[in-house]
Amino acid sequence: MQFDRSTYRISDAGTGIRNWLLIAGVGLIASAAGAFVDPKQFFFSYLTAFAFWCTLALGGLIFVILHHLFGSTWSVVIRRMSETTMRTMPLFAVLVIPILIGIPWLYHWADPSYVAGDYALPKKAGYLNVPFFVIRTVFYFAVWVTLSILLYRASLKQDESYTRENAKYMRTLSAPAAILYAVTITLASFDWLMSLDAHWFSTIYGLWFFSGAVTAFFAYTTTNVVFLFRHNILKEDLTPEHFHDIGKLLFAFMIFWAYMALSQFLLIWYANFPKETVFYLARWSGSWRALTLSIPIIGFAVPFVILIMRITKRNLNLLAGMAWLLLGMHYVDLYWNIMPNLHTETVVVSWMDVATMLFIGALFRWYYLRLFTQHAVVPVNDPKLGASFSFVNQ
Amino acid sequence: MEATERTTYGILAQFDGPDKLIEAAAKMRDKGFKQWDVHSPYPIHGMDGAMGEERSRLGLMVAAMALLGGLGILYFTYWTSAVDYRFIISGKPYFSYIAYIPIFFAVCVLLSAFTAVFGMLGLVNSKFHHPVFYSDNFAKVTDDGFFVSVLAEDPSFDKVQTKTFLEEIGGTNVEYLEGDD
Amino acid sequence: MLGNPGLHDVTETIAGLAERKETPIWWWVAMGISTPIAIMLLAVVGYLIWNGIGVWGVNNPVGWGWAIVNFVWWVGIGHAGTLISAILHLLRQKWRTSINRFAEAMTLFAVMCAGLFPAIHVGRIWVIYYMFPLPNQMAMWPNWRSPLLWDMFAVGTYFTVSLLFWYTGLIPDLATLRDRAKNLTRKKIFGALSLGWRGGNRQWKHYELAYLILAGISTPLVLSVHSVVSTDFATSILPGWHTTIFPPYFVAGAIFSGFAMVITLAILARIVMPETKNYITMDHLEKMAKVIMVTGLMVGYAYSTEFFIAWYSAWEYERFAFINRAFGPFAWAYWIMITCNVLTPQIFWFKKMRQSVVVLFIASIFVNIGMWFERFVIVMTLHRDYLPSSWGYYTPTWVDIATYIGTFGLFFTLFLLFLRFVPIIAIAEVKAVLPHAQPHGHH
Chain Y
217 MQFDRSTYRI SDAGTGIRNW LLIAGVGLIA SAAGAFVDPK QFFFSYLTAF AFWCTLALGG
277 LIFVILHHLF GSTWSVVIRR MSETTMRTMP LFAVLVIPIL IGIPWLYHWA DPSYVAGDYA
337 LPKKAGYLNV PFFVIRTVFY FAVWVTLSIL LYRASLKQDE SYTRENAKYM RTLSAPAAIL
397 YAVTITLASF DWLMSLDAHW FSTIYGLWFF SGAVTAFFAY TTTNVVFLFR HNILKEDLTP
457 EHFHDIGKLL FAFMIFWAYM ALSQFLLIWY ANFPKETVFY LARWSGSWRA LTLSIPIIGF
517 AVPFVILIMR ITKRNLNLLA GMAWLLLGMH YVDLYWNIMP NLHTETVVVS WMDVATMLFI
577 GALFRWYYLR LFTQHAVVPV NDPKLGASFS FVNQ
Chain H
5 MEATERTTYG ILAQFDGPDK LIEAAAKMRD KGFKQWDVHS PYPIHGMDGA MGEERSRLGL
65 MVAAMALLGG LGILYFTYWT SAVDYRFIIS GKPYFSYIAY IPIFFAVCVL LSAFTAVFGM
125 LGLVNSKFHH PVFYSDNFAK VTDDGFFVSV LAEDPSFDKV QTKTFLEEIG GTNVEYLEGD
185 D
Chain D
36 MLGNPGLHDV TETIAGLAER KETPIWWWVA MGISTPIAIM LLAVVGYLIW NGIGVWGVNN
96 PVGWGWAIVN FVWWVGIGHA GTLISAILHL LRQKWRTSIN RFAEAMTLFA VMCAGLFPAI
156 HVGRIWVIYY MFPLPNQMAM WPNWRSPLLW DMFAVGTYFT VSLLFWYTGL IPDLATLRDR
216 AKNLTRKKIF GALSLGWRGG NRQWKHYELA YLILAGISTP LVLSVHSVVS TDFATSILPG
276 WHTTIFPPYF VAGAIFSGFA MVITLAILAR IVMPETKNYI TMDHLEKMAK VIMVTGLMVG
336 YAYSTEFFIA WYSAWEYERF AFINRAFGPF AWAYWIMITC NVLTPQIFWF KKMRQSVVVL
396 FIASIFVNIG MWFERFVIVM TLHRDYLPSS WGYYTPTWVD IATYIGTFGL FFTLFLLFLR
456 FVPIIAIAEV KAVLPHAQPH GHH
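Protein chains in written order, with our numbering: chain Y, 217 to 610; chain H, 5 to 185; chain D, 36 to 478.
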C-alpha cells in the first residue's frame, strides 16, 4: 500500500484487498455445503461467527458515539478506524438473514409443540415468538445502520471542511444514539444468545455482551494500528506513546469485560440456584470444562500479567499478540455461550465453525479495507488531530 | 555565631519560570553533575529527560508487593478454612476460592497502596533537615519559585566555579547553602 | 479556571483560605448546628449499644432496616470523590484538579459515616474483633465466604486507600502552608505533616508515579467496593435481591449519588466562599450535571432490565417481588425513587438547566433523596416473603431517624473542619495545569 502523508490518504491500495473476496467465496461455498449437510450445526456455527464479527461493528459504533460525547483528544487518531468498523453495519444487516431463516433450528422456543408442553415458556411467548423476534432484529439493524451511516457521512463531510455545525451535529446525534444503542444491544443479546436456552435468564447478560463487544472492537483496532504501522502508514505520526495508550485501554476494556463475566458467575455460583446454575453446570461437563477454565486463565489472567507491564505496551509485537489473543478469546467466549446448547455433552469442533468464520470474516475484512482505503485514514480536519498526534503519556 | 564556623552544604540558584529551568537542567546534566536537583512548585513535564533521570522503580516494587500479598492471603484463607478450622457453611467447599476473590482483591489493593505511598516516601529521600532549607528564598519553591540546587558532596562541586556556572546558565539569587550545625 | 491567575495568585487564594485568622461567621453558625447533631449521634449510638438493636424498627420479616440503607447510601456518596480523583486522573481530564481535593475529603467523611452503621448493627460491638482474622479464644477464623466479611475488607481497604491517596495529594500543599507559616507552631505542625517536601524533580518523579499508581488501583477498587456491597443482597436467593446486574448497577448508582453530593457541596462552598468561584466554575458544575444525567440513565437501565427479566423469568416469585415493589405497600417509596432518579436528571438535557445553580442544587438534593430510597426499596423487598402469614410492614423508630440525622452532623462537622484548616483545592495540581505552567514544546 502506498500512503500519501500530505493528505493522509492511501494513494494506492494495491490489489491485495480483492483477495479477501476470494476467501469469502470459498467460505461461502463451504458454508452453503454445510447448510445442506447438517443445518443445525451450520446455523449454530453461523450464529457464533455472526455474533463475533457483528460485535466488532457494534463496538465501533459505541466507540464513535462515546468519542463524540466525551470530546476526547487521544481517540482522534483512531477515530476513522472506529468509524470504518462501525460503517460495516449494513453488511451485517444482510448477513443476519440466515439467522432469521435458522430460527427453527436455533431456538427451541420457536417450536410450538415444545412450548405447549413446557412449564415456563408459554408465559413468555408474548416476547419469544417468531414474528416479534424478526421484527425486533429488523428494528435493531434499522437503528444501527441508520446511526452508522449518519455518523460516517457527517465525518466524511468534516474531511472536506470543518464546520462547527457539523461537529455539533455529530455530538447532538450521539446523545440519543447512546440510549438507543443501550436498549437495542441489550435486547439483541437477550434475543440472539440468551434465548438459546429460553429458561435461563441473567440481568447482566446485556452488559456482558456489550463489554465483550467493546473489548473485541478495541483489540481489532489495535491489530489495525499495528497493521498500518507495518505498512508504513502513519509511521511518522504514531509514536510509542500512542501504542502505550492503546495498550492501556485494551487492558482496561479487558478488565471491564472480566468484571461483567465475573459478576454473573460469582452471583450464580454463590446463590447456587438450580434455575440459574444450569448454565454453568452445562459448561462444566466433559471437555467443556477445559474451555470454561480457559476463559478466565487465557482470556484474563495471562493477558492481565502481560499487559500490565510497561514494555508490552511499547512493543508492537507483544501488543499485537495480546490483541490477537483477546480477539481469539472473544470468539471462545461467544462459542462457549452458544455451542453448549447444541453439543450438550462435550465440545465438538466442526469444519463449519471454520467455514462460517472464513465467510463472514473475509467479507468483513474486505468491506472494511475497501472503505478504509477510500478515505483519509484519520479525520484530517478534526481540530484535535494535532494534539492527538503529539500527546505524551505520563 | 561567626561566619567562619559555617559549613557550605551546597549552592542554590533561582530561575525564572519552567522554560528557563528545563534549559538549565539540560546544561547541568551535560556538565556532569550528580548530586543536584531542580525544585519547582509542581511537576514539570519533560524534566526527567532534561535531567537525564531514569524512570522510577516504584512500579516494580508495587507489583512485587501486590503479588506477595495476593499469594499470602490465598494461602491464609486456604489454611484457615480448609486446614486449621474446617467448617461447612452454606454447603460450600472448605476452600471456596471463588468466594475469596473479593478478599484476595482487597488485600492486593491494600498492599499496593501501602507500597506506593511508603515506597514513594522512601524513594524521594525526604528529610526534615535538608541543606536547601537553609535558604530563606527557598520558601518560594512551594509558591512560584523555580530552583536548581547542587550539593557540596557532588564530585564536580567547586565553591567558586559552580556558582559562576549557575550564574552563566541564567540563575539569579545564587546563594550558598550554609549552616552552623 | 477563570480570571487567568498566576502561580502566586493561586497560592494566595487557596492557602489564604486555610490560613485566615478571622473565622467567618457562617462557619461558626454551621459548626453551631452540625456539632450538636454530631454529639447527638454519639448519644444515640450509646443508647443503642446499651439497649441493643431492638430499639430500632427492625423485626421479622424486615430484619434489615435503615442501618443498611444508610450504610449503602453513604458509601455510595463516597465513590464520586474517588472517581473524580482516580478515573478522571487516568483519563487526563484536567478539570478535575479544582474539585478533587474537596471530593476526596467528602469520600473520607462519607465512608466514616457509612462504616458506623455495620459496626453498630452487629449488636455486640465489643466483640467486633471476631470479624478480623485474629487468633481468638475459640480458635475460629472469620468466614471468608460471607459477603459481610467481604464488605469489611472492601470498605476497610477503601477507607485506607482513600486516606493514603488524599494525604499523598496533600503533601506538596502542606509544604506550601509550611513555607508560608508566620509562627513557629504552624511551621512545626506543617513542617512535620509535609514530611520535608522540597519539590525536587527527583521527588516529583516518584511522587507522580505513586499518584498514578494510586489512581490506577483506586479505579478498580471503587468499582469493587460497591460491587461487594451489592453482593450483600445479590448472593442471597431472595427474589428482587438475587439478580446478576446488581454489581454494575450499584456502581452506577453510587457514582450517580456521589456526583449529586459533590454538586450540593460545591454549590454551598461557592456561596459561602466566593473566592472559590474561579476554581469551582459553572463549567465544572455543568460537567458534573452531565455525569448525573448519564448515570441516571444507567440506573434507569438497571431498573428496567430488572423488571423485564423478572417478567421474562416466568417465575411467579420473581414477578411478584417486582410488581409488589411498584404497586405494593411500599409503592410510594418506589415512585419517589423513579421520580428522583430517573425523571429528575432528564432536565439536564437542557443546557439552561445545567447552568442554573438553583436547578442544579435542587436536582442534586432530589437525586440524593432518590438514591436513599433506592436502597430503601431494595431492603424493603423483605416485607413480603414466600409465606403471606409472615408478611409485615416496616416503620423506623426515633432511634433510626436520630442516628441517620446524626451522621449528617458528623459529616458536616468533619467537612467544616476541612474547609477551615486544609487547602480545599489541590494547589500544586492546579498550578501544573495553568496555561503557561509547562515548558513550550513539551505540551
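It cannot be assumed that every hint is accurate.
Between beta-carbon pairs, the in silico distance windows are [claimed, not checked]: (1) D/T195 to Y/N488: 31 to 37 Å; (2) H/R59 to D/I163: 39 to 45 Å; (3) Y/V596 to D/G191: 48 to 54 Å; (4) Y/T560 to D/T195: 44 to 50 Å.
None of these hints come from the bench; they were simulated from the model. All C-beta atoms in this analysis are idealised placements derived from N, C-alpha and C, irrespective of residue type, glycine included.
Hints, verified against the model:
In this structure the supplied range 31 to 37 Å holds for D/T195 paired with Y/N488, their Cβ-Cβ distance being about 33 Å. Separation of H/R59 from D/I163 is about 44 Å and conforms to the stated range, judged on CB atoms against 39 to 45 Å. At about 52 Å, the CB distance of Y/V596 to D/G191 agrees with the hint of 48 to 54 Å. The hinted window of 44 to 50 Å between Y/T560 and D/T195 holds, with their beta carbons roughly 48 Å apart.
Going down the numbered hints, you'll see the structure goes against none, and every one checks out.
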